[in-house]
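Q: Residue numbers (numbering that gives the first Met the number 0), protein chains in the order written: chain A, 0 to 453; chain B, 0 to 248; chain C, 0 to 172.
Please note: incorrect hints may appear among the correct ones.
[Unchecked claim] Here are some of the chain C residues that sit facing chain B, going by a computed Cβ distance under 7 Å: (1) Ile55; (2) Met56; (3) Pro57; (4) Thr86; (5) Gly88.
[Stated by the list, open to error] Keeping only pairs whose Cα atoms sit at most 20 Å apart, straight-line, the calculated DMTMM-like set for lysine to aspartate or glutamate is: (6) B:Lys223 to B:Glu24; (7) C:Lys53 to A:Glu133; (8) A:Lys3 to C:Asp11.
[Unchecked claim] Derived CB-CB ranges, DEER-like: (9) A:Glu133 to B:Lys76: 47 to 55 Å; (10) C:Val66 to A:Arg183: 35 to 43 Å; (11) B:Gln145 to A:Val332: 35 to 43 Å; (12) A:Arg183 to B:Gly49: 54 to 62 Å.
Just so you know, these hints were derived from the structure itself, not from any lab.
Quantities reported herein were computed from a predicted structural model and do not represent experimental measurements.
Glycine included, each C-beta is placed from N, C-alpha and C at the ideal position.
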Amino acid sequence: MMNKTPEQINQDLLLPLNSTSWRYYVAVAALGSLVIMGLCAWGYQLDNGIGVSGLDRPVFWGVYITDFVFWIGISHAGTLISAILRVSNAKWRRPVTRCAEAITVFSLLIAATFPVIHLGRPWLFFWLIPYPSERGIWPQFRSPLLWDFFAINTYLIGSFSFLLLPSFPDFALVRDRSTGWRRRIYSIVSLGWRGTPKQWHRLEMAMRIMAVAIIPVAVSVHTIVSWDFAMAPVPGWHSTIFGPYFVAGAIFSGIAALIIAMAVLRKLLHLEEYLEPIHFDHLGKLLLAMSLIWFYFVFAESLTIWYGNEPSEMTVFWVTRSGQFSWLFWTMVICNVIIPAPILSVKRLRSKIGWTVVASIPVIVGMWLERFLIVVPSLSHGRLPYAHGGYRPSWVEIAITVGSFAAMPLLYLLFIKVVPIISIWELKLGQHEKPAEAPATVPGIAESVPASGR
Amino acid sequence: MATVKEQTQKTYRLKKRRWGMVVDEDRCTGCEACVLACHAENNIAIVGEGQAVRGRAMHWIRVERYYEGKFPDVKVKYQPVFCQQCGDAPCEVVCPTYASYHNAEGLNAQVYNRCIGTRYCANACPYDDRFFNFENPSWDKPLNLQLNPDVSVRSVGIMEKCTFCIQRIKAAEMNAEAAKRQLADGEFNPACVQSCPTEALVFGDLDDPESKVSRLAGSNRGSKLLEDLGTKPSVTYLRRGTWYDEQNT
Amino acid sequence: MRAIYGLYPDPDSAQRAVEVLQDAERALGFKEKQIVVLSGEPYEDHPFGQRDKKTIMPWIAAAGGLVGGLLGFWFISFTQKAYPLITGGMQIVTKWPDGIITYELTMLGAILTTVATLLITARIPDWRRHVFDPGVGEGKILIGVVNAPESCQDEIRRRLCSAGAGDVKEFAG
Numbered sequence: 000m001m002n003k004t005p006e007q008i009n010q011d012l013l014l015p016l017n018s019t020s021w022r023y024y025v026a027v028a029a030l031g032s033l034v035i036m037g038l039c040a041w042g043y044q045l046d047n048g049i050g051v052s053g054l055d056r057p058v059f060w061g062v063y064i065t066d067f068v069f070w071i072g073i074s075h076a077g078t079l080i081s082a083i084l085r086v087s088n089a090k091w092r093r094p095v096t097r098c099a100e101a102i103t104v105f106s107l108l109i110a111a112t113f114p115v116i117h118l119g120r121p122w123l124f125f126w127l128i129p130y131p132s133e134r135g136i137w138p139q140f141r142s143p144l145l146w147d148f149f150a151i152n153t154y155l156i157g158s159f160s161f162l163l164l165p166s167f168p169d170f171a172l173v174r175d176r177s178t179g180w181r182r183r184i185y186s187i188v189s190l191g192w193r194g195t196p197k198q199w200h201r202l203e204m205a206m207r208i209m210a211v212a213i214i215p216v217a218v219s220v221h222t223i224v225s226w227d228f229a230m231a232p233v234p235g236w237h238s239t240i241f242g243p244y245f246v247a248g249a250i251f252s253g254i255a256a257l258i259i260a261m262a263v264l265r266k267l268l269h270l271e272e273y274l275e276p277i278h279f280d281h282l283g284k285l286l287l288a289m290s291l292i293w294f295y296f297v298f299a300e301s302l303t304i305w306y307g308n309e310p311s312e313m314t315v316f317w318v319t320r321s322g323q324f325s326w327l328f329w330t331m332v333i334c335n336v337i338i339p340a341p342i343l344s345v346k347r348l349r350s351k352i353g354w355t356v357v358a359s360i361p362v363i364v365g366m367w368l369e370r371f372l373i374v375v376p377s378l379s380h381g382r383l384p385y386a387h388g389g390y391r392p393s394w395v396e397i398a399i400t401v402g403s404f405a406a407m408p409l410l411y412l413l414f415i416k417v418v419p420i421i422s423i424w425e426l427k428l429g430q431h432e433k434p435a436e437a438p439a440t441v442p443g444i445a446e447s448v449p450a451s452g453r
Numbered sequence: 000m001a002t003v004k005e006q007t008q009k010t011y012r013l014k015k016r017r018w019g020m021v022v023d024e025d026r027c028t029g030c031e032a033c034v035l036a037c038h039a040e041n042n043i044a045i046v047g048e049g050q051a052v053r054g055r056a057m058h059w060i061r062v063e064r065y066y067e068g069k070f071p072d073v074k075v076k077y078q079p080v081f082c083q084q085c086g087d088a089p090c091e092v093v094c095p096t097y098a099s100y101h102n103a104e105g106l107n108a109q110v111y112n113r114c115i116g117t118r119y120c121a122n123a124c125p126y127d128d129r130f131f132n133f134e135n136p137s138w139d140k141p142l143n144l145q146l147n148p149d150v151s152v153r154s155v156g157i158m159e160k161c162t163f164c165i166q167r168i169k170a171a172e173m174n175a176e177a178a179k180r181q182l183a184d185g186e187f188n189p190a191c192v193q194s195c196p197t198e199a200l201v202f203g204d205l206d207d208p209e210s211k212v213s214r215l216a217g218s219n220r221g222s223k224l225l226e227d228l229g230t231k232p233s234v235t236y237l238r239r240g241t242w243y244d245e246q247n248t
Numbered sequence: 000m001r002a003i004y005g006l007y008p009d010p011d012s013a014q015r016a017v018e019v020l021q022d023a024e025r026a027l028g029f030k031e032k033q034i035v036v037l038s039g040e041p042y043e044d045h046p047f048g049q050r051d052k053k054t055i056m057p058w059i060a061a062a063g064g065l066v067g068g069l070l071g072f073w074f075i076s077f078t079q080k081a082y083p084l085i086t087g088g089m090q091i092v093t094k095w096p097d098g099i100i101t102y103e104l105t106m107l108g109a110i111l112t113t114v115a116t117l118l119i120t121a122r123i124p125d126w127r128r129h130v131f132d133p134g135v136g137e138g139k140i141l142i143g144v145v146n147a148p149e150s151c152q153d154e155i156r157r158r159l160c161s162a163g164a165g166d167v168k169e170f171a172g
């Protein structure tokens, strides 16, 4: 661990808030124009109807739902990982948590737009909200989409609080070190935080409760997203494995996204001394574990379908393994296991940040493909062979997808200008915790510290 | 405080009637008169060539063709498929807005006004018998004058499907009620049944043991489409008679 | 409000300051409540950081979860009964799906109660002027006395210095 005075930490971590290079403006402009392009494509779709997408009968769900599931999956980077690390009291979590929690909030916001984009009559999306209307009718709680609505909103509220609560002390710090209108804004958002022992205790207790509460919520969110598929009697969807399979895939893609984000932030904000190779090493181990778990699920699912040999299931099975979708399927396997697993298994490679990023980027691609392969082949090859069909995304769908991929770094870039991306007070706290009290490092996730002082 | 059951009965004003259909594959010649009649009766949008190629054609009833054997010894099997009006329909439960629900006469009703276009019902339907308006429908003049005034025209973003010509059902019921008499079996028919030259389609009340449809549905030639899914379809398919098999063995 | 305080560079001297103030509180006529401690990070391994630690927040959160779940369950079964429509041959009050929503609202109840409890018990938001010094953000620990009697100001100042405060300041607001 580095040894820095509190003042040095303040200066290093508040630097991004205080100085902005021209490169930042270029990046914001570039990403912003991609986002605007996506919004324009959406506007075009609103004007002309959902017909401008490549959707057809029987592939009624396509890239939009793929994006939705993908972004919900990315959102598991954050709050879930950060909550698990908090609950297990892993000491190395301190520079990582806020970075991860921000990913969660932003990707959830992006994900939540996709079901609306996807609707045939998006201007009526609020009919999903249970409110007493003059129509006298309520939404149907038997529909998995309603479960989604509740789960995603709970998760969004939970992870937003999870991100916001430990930011108050840092807002207070920014308030004390700025002048003029900035000082006024940060005085408001820091809610008058002063740092009395009472405030610290309540904050830490609240974070502990939230960490415990958010883990089952995160698990439920992606389980329910998987149930959107598993509840329908569609070959390839109607499977009990979907809940855990989706949760594992979500954590998998989430960690990959976190590693990439951290590597970029490290370079961009000169955080070399805070985000150390050891953090990437630990996350790399998690990523390796998730890669293997993901492969286990794919194998278990494939074997069950193949051995059962049920005709309509087998149609979908072969069309993905050796038919028209096979090139996507095998690209996915290469991206999710064959590239990352060997890299992350070798300690020498895993402890190099560049290599963990090399292992993470294909995972993002592979996990997007995985969602696409869940949505499309099952729909295009339904139970009645007469109604089989195909699907090709239109430029509108591609533009909106690209826009969403640009929206994530854009939101992140805007975020690092207003909130210190590393939780400053938690980092300082980690510095003065007595290392003598810490027991030997537990291999794997957690370097535990004893309950005293926490 | 009314119990749930009473409340439900009040909402439904339950009638002792369950509409059903029988398709005799022995009689179907694949002429597709039913498809045409359905289009005319129900104001189904004609999407045009370009859209149809992309798989967006809307035919509430379609005649599926299956070929058995190798050329030149080929047998063609025609199977008209339309909404099976399932008893336990997978499409109904997944709709977040109750646009798809079970009505008092055993039909899977689709309330266009409630539909927000999640298209979940179409995915859940194992028979691929739900159709989505990807574009606003339009009819070239003078075709707009032939629209059926009893049926609403659906706009873009809405799911639609076979209703067993619910407008005809309602009209017949109202007429019978006004005349204070019972509905007679075969008094009216959906457009597809009416237009079938070989009487391959038979429509009626499955709960009336005397009706033609319930007698045919009990035939030992009868089976339901994808029956093992437990959807309890209201449509019975009569497979081709034994004389055919005997001739061909 | 008036206050007199010192800034301490490390938790050990801050602890000494708290102790010398506690020793003198009866003699000088102020109460322990009037001693103010502010720090830029929690110091739970020192006694001064242990002040006001007791809380029943987990119980409140659990109760909030219970209330959320019960309200949620009541709400969905109410809506299902209010406009009963049959779909897919399921019951009107459908237990399995209701369980899912009840679960989500239980967790939402617990989360919202936790946030509310934090805000209320930590007395935020509070934008009024209280004793504060930007030095807290630089790693210093502020120990002081709020609204001490006029007569003993000098004695408090002397004691704060003796504990190791480089500079003793006054605050008025």
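Q: Which of the listed hints are not met by the structure?
A: Violated hints (numbers, rising): 1, 2, 3, 7, 11; every other hint is consistent with the structure.
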